[in-house]
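Quick note, the sequences are listed as chains A and B, same order. My numbering runs 310 ahead of the 1-based position in the first sequence. My numbering runs 28 ahead of the 1-based position in the second sequence.
Calculated from the structure, these hints are not laboratory results. Fair warning: this is a prediction, and the values are worked out from it, not measured in the lab. Just to be clear, a hint being listed does not mean it is correct.
Derived CB-CB ranges, DEER-like [claimed, not checked]: (1) A/E369 with B/G44: 37 to 43 Å; (2) B/D31 with A/N377: 21 to 27 Å; (3) A/Q391 with B/N81: 43 to 49 Å; (4) A/A380 with B/D66: 37 to 43 Å; (5) A/A355 with B/Y78: 50 to 56 Å; (6) A/T338 with B/D87: 19 to 25 Å; (7) A/G326 with B/E84: 27 to 33 Å; (8) A/I330 with B/G44: 46 to 52 Å; (9) A/G326 with B/E91: 24 to 30 Å; (10) A/T338 with B/P111: 27 to 33 Å; (11) B/L88 with A/E336: 46 to 52 Å.
Partner residues aside, some chain A positions facing chain B, computed with beta carbon under 8 Å [as the list claims (entries may be wrong)]: (12) T338; (13) A339; (14) F340; (15) F349; (16) P354; (17) K368; (18) F372; (19) S395; (20) K421.
The beta carbon of each residue, even a glycine, is placed where N, CA and C say it ideally should be.
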Amino acid sequence: QQQVKQSPQSLIVQKGGISIINCAYENTAFDYFPWYQQFPGKGPALLIAIRPDVSEKKEGRFTISFNKSAKQFSLHIMDSQPGDSATYFCAASMGSNYQLIWGAGTKLIIKP
Amino acid sequence: EADIYQTPRYLVIGTGKKITLECSQTMGHDKMYWYQQDPGMELHLIHYSYGVNSTEKGDLSSESTVSRIRTEHFPLTLESARPSHTSQYLCASSELSEQFFGPGTRLTVL
């Protein structure tokens, strides 16, 4: 019940296309859902996050869509660029300790 | 940019050696974490701390130990390194929800 399942494991998208990565969770007590971006040789960095009181959050080309009833959330990258090529991790946490439960990661490659 | 530092960045060491991976942050964060990650793969929490003199084991069983004597410093020690310890070790800190990561230490045990 603590797991966060992420798909796909890898994704290739043409430059200018839309990249979509999905995550599903079981624990309805989760109340914070971040996405992290990791480039090779670096630690992950927070990209965007959402709480379950909203269904969508947009920051520039990055959007989180959240479906509370389906217990799913997804990351959409509009107008994908080669610089977006990285590994993306979804995560979830509950309460004030913010200890994250991580998805397995998606390796995204944007082809020029 | 997050001010969290890890040393060394790369370490190649023989089996049986004792090693300490250093992690320091200058943000005054109470919470600190150690993760183990094979490159590009899932992050596994091995230790965390919610403040000075507070340490807990994470989800992944680890033969390492940690200490938190000062807020800014959270070193990880392996008493006797083995080839199975070969991996990347990431340190992170947080005050509230966002975790800030260091660049990692790539450890190879021969």
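- Item | Broken hints, by number | 1, 2, 4, 5, 7, 9, 10, 11, 12, 13, 14, 15, 17, 18, 19, 20
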